[in-house]
Amino acid sequence: GAVVSQHPSWVICKSGTSVKIECRSLDFQATTMFWYRQFPKQSLMLMATSNEGSKATYEQGVEKDKFLINHASLTLSTLTVTSAHPEDSSFYICSARGGASGLSYEQYFGPGTRLTVT
Amino acid sequence: RKEVEQDPGPFNVPEGATVAFNCTYSNSASQSFFWYRQDCRKEPKLLMSVYSSGNEDGRFTAQLNRASQYISLLIRDSKLSDSATYLCVVNGYTGNQFYFGTGTSLTVIP
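Those protein sequences? They're chains A and B, same order as listed. Everything in the first sequence is counted per the numbering used here, starting at -4 for the first residue and increasing by one. Everything in the second sequence is counted per the numbering used here, starting at 3 for the first residue and increasing by one.
If we strip away everything but chain A, and leave its shape as in the complex, we get (with noise of 0.2 Å):
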């Protein structure tokens, strides 16, 4: 159980086009989903929390405007990289909370999306 999955697990766009990536939770429900940023060889750096139906609590530093999050369900959250630069090229990392006992305080992860920008 518990198992998160992603969409797409690679893209390569141009720069200036925006890019949506799903998260979902397969067989449990997430009250709650990260998403995190992770360059080469450096820790996850989490971006935003997203919980369901409500708007997204993002950490200091990122632009809300240019990473659009969207947790319009108990199994997905979406996150949108708008005008996306060279810069934005990273592995995006998704993971889930749920609420169910068990899986209250663990969180399980997508396998990451990367994403490059030429």
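If you're looking for bench data, these hints aren't it; they were derived computationally from the structure. In this text, a Cβ means the ideal position worked out from N, Cα and C, and glycines have one as well. One or more of the hints may lead you astray.
In silico DSSO-like pairs for lysine-lysine, Cα to Cα no more than 27 Å straight-line [claimed, not checked]: (1) A:LYS59 - B:LYS44; (2) A:LYS15 - B:LYS44; (3) A:LYS61 - B:LYS81; (4) B:LYS44 - A:LYS9; (5) A:LYS59 - A:LYS9; (6) A:LYS59 - A:LYS36; (7) B:LYS44 - B:LYS4; (8) B:LYS47 - A:LYS36; (9) B:LYS44 - B:LYS81; (10) A:LYS36 - B:LYS4; (11) A:LYS36 - A:LYS9; (12) A:LYS50 - A:LYS61; (13) B:LYS4 - A:LYS9; (14) A:LYS36 - B:LYS81; (15) A:LYS15 - A:LYS59; (16) A:LYS59 - B:LYS4; (17) B:LYS47 - B:LYS4; (18) A:LYS61 - A:LYS15; (19) A:LYS36 - A:LYS61; (20) A:LYS9 - A:LYS61; (21) B:LYS47 - A:LYS15; (22) B:LYS47 - B:LYS81.
What follows is a set of in silico ranges between Cβ atoms, one per label pair, in the way DEER data are often shown [stated by the list, open to error]: (23) B:CYS42 - A:SER49: 29 to 37 Å; (24) B:GLY11 - A:PRO81: 27 to 35 Å; (25) B:CYS42 - A:GLU82: 19 to 27 Å; (26) B:GLY18 - A:SER84: 38 to 46 Å; (27) B:ALA69 - A:LYS15: 30 to 38 Å; (28) A:GLY48 - B:TYR53: 28 to 36 Å; (29) A:ASP60 - B:GLY60: 29 to 37 Å; (30) A:PRO81 - B:ASP41: 38 to 46 Å; (31) B:GLN33 - A:PHE34: 25 to 33 Å; (32) A:THR111 - B:SER83: 26 to 34 Å; (33) A:GLN37 - B:ALA22: 21 to 29 Å; (34) A:GLY11 - B:PRO112: 44 to 52 Å; (35) A:SER49 - B:GLU5: 21 to 29 Å; (36) B:CYS42 - A:PRO81: 21 to 29 Å.
To spell it out: a stretch of chain B is covered by chain A in this simulated footprint if at least three of its residues, at any positions, have a beta carbon under 8 Å from a beta carbon of chain A; those stretches are [unchecked claim]: (37) 57 to 67; (38) 100 to 111.
Position chain B relative to chain A; hints supplied.
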């Protein structure tokens, strides 16, 4: 001061060796503690939660020391497949705050 600190390593150990990692955290109100494993270019995977009484899962043992504010991970009889980066994760008192260490790199050598 960082919320969570880990020795980045790298730790290079021979097969069969025992290796231990420590991780310190700064917020004494932290509630939950985890060890994750991350392979190169892959997502982190939960290795084990860390309970107050300590817990063991096969070759892996996790300990929590609240007084000194650190958690540890012990790997016995290291296997080649244990080579990965081990991430320490601490959950803050509000429940939605998760702090990651920078990870400790382990390479098990044949």
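Going down the list of hints, with the structure as the test:
Between LYS59 of chain A and LYS44 of chain B the alpha-carbon distance is near 26 Å, which keeps this suggested pair within the 27 Å criterion. Only pairs whose Cα atoms come within 27 Å are accepted, and LYS15 of chain A paired with LYS44 of chain B is accepted, the gap being roughly 20 Å. Proposed proximity of LYS61 of chain A and LYS81 of chain B is contradicted: the alpha carbons are some 43 Å apart, above 27 Å. Restraint check: the Cα-Cα separation between LYS44 of chain B and LYS9 of chain A comes to about 24 Å, which is no more than 27 Å; the hinted pair holds.
For the hint pairing LYS59 of chain A with LYS9 of chain A, the CA-to-CA distance comes to about 21 Å; that is within 27 Å, so the pair holds. Under the criterion of a C-alpha separation no larger than 27 Å, the hint pairing LYS59 of chain A with LYS36 of chain A is consistent with the structure, at around 25 Å. As the CA atoms of LYS44 of chain B and LYS4 of chain B are separated by approximately 24 Å, the hinted pair is consistent with the 27 Å bound. The straight-line distance between the Cα atoms of LYS47 of chain B and LYS36 of chain A is roughly 17 Å, inside the 27 Å bound, and the hint therefore holds.
About 19 Å separates the Cα atoms of LYS44 of chain B and LYS81 of chain B, which keeps this hinted pair within 27 Å; it holds. Our distance criterion of 27 Å between C-alpha atoms is met by LYS36 of chain A and LYS4 of chain B, whose separation comes to about 18 Å. Pair hint LYS36 of chain A plus LYS9 of chain A holds up; C-alpha atoms about 25 Å apart against a cutoff of 27 Å. Between LYS50 of chain A and LYS61 of chain A the CA atoms are separated by roughly 15 Å; this keeps the pair inside 27 Å, and the hint holds.
Note on LYS4 of chain B and LYS9 of chain A: the hinted pairing is violated, with a Cα-Cα distance of about 36 Å set against a maximum of 27 Å. The suggested pairing of LYS36 of chain A with LYS81 of chain B holds, with an alpha-carbon distance near 23 Å, which does not exceed 27 Å. Of the supplied pair hints, the one linking LYS15 of chain A and LYS59 of chain A holds, its CA atoms being roughly 14 Å apart against a limit of 27 Å. Between LYS59 of chain A and LYS4 of chain B the CA atoms are separated by roughly 24 Å; this keeps the pair inside 27 Å, and the hint holds.
A threshold of 27 Å between alpha carbons decides the hint, and for LYS47 of chain B with LYS4 of chain B the separation of about 23 Å falls inside it, so the pair holds. This hinted pair checks out: LYS61 of chain A and LYS15 of chain A have alpha carbons roughly 12 Å apart, not beyond 27 Å. A C-alpha spacing of about 24 Å is found between LYS36 of chain A and LYS61 of chain A, which places the hinted pair at or below 27 Å, so the restraint holds. Using a Cα cut-off of 27 Å, the hinted pair LYS9 of chain A and LYS61 of chain A holds, with the two alpha carbons roughly 16 Å apart.
Distance hint between LYS47 of chain B and LYS15 of chain A is fulfilled; the C-alpha atoms sit about 24 Å from each other, no more than 27 Å. With a CA separation close to 18 Å, the supplied pair LYS47 of chain B and LYS81 of chain B stays within the 27 Å bound. For CYS42 of chain B and SER49 of chain A, the Cβ-Cβ distance of about 35 Å falls inside the hinted range of 29 to 37 Å, so the restraint holds. A hinted range of 27 to 35 Å holds for the C-beta pair GLY11 of chain B and PRO81 of chain A, which are about 30 Å apart.
The hint said 19 to 27 Å for the Cβ distance between CYS42 of chain B and GLU82 of chain A, and at roughly 22 Å that hint holds. Taking the beta carbon of each, GLY18 of chain B and SER84 of chain A are about 40 Å apart, inside 38 to 46 Å as hinted. For the pair ALA69 of chain B and LYS15 of chain A, the supplied restraint of 30 to 38 Å is violated, since their beta-carbon distance comes to about 47 Å. Look at GLY48 of chain A against TYR53 of chain B: about 32 Å separates their beta carbons, and that is inside 28 to 36 Å.
A hinted range of 29 to 37 Å is violated for the C-beta pair ASP60 of chain A and GLY60 of chain B, which are about 47 Å apart. For the pair PRO81 of chain A and ASP41 of chain B, the supplied restraint of 38 to 46 Å is violated, since their beta-carbon distance comes to about 26 Å. A C-beta distance of roughly 29 Å is found between GLN33 of chain B and PHE34 of chain A, which places it inside the suggested range of 25 to 33 Å. Separation of THR111 of chain A from SER83 of chain B is about 29 Å and conforms to the stated range, judged on CB atoms against 26 to 34 Å.
At roughly 24 Å, the beta-carbon separation of GLN37 of chain A and ALA22 of chain B lies within the given 21 to 29 Å, and the hint holds. Taking 44 to 52 Å as the suggested C-beta distance range, the pair GLY11 of chain A and PRO112 of chain B conforms, at roughly 48 Å. Judged by the Cβ atoms, the range 21 to 29 Å given for SER49 of chain A and GLU5 of chain B holds: they are separated by roughly 24 Å. Evaluation of the 21 to 29 Å hint for CYS42 of chain B and PRO81 of chain A yields a pass: the beta carbon distance comes to about 23 Å.
With 0 residues having a beta carbon nearer than 8 Å to a beta carbon of chain A, the region 57 to 67 of chain B misses the requirement of three or more and the stated coverage is violated. Here the region 100 to 111 of chain B counts 5 residues with a CB under 8 Å from a CB of chain A, which clears the bar of 3, and the coverage holds.
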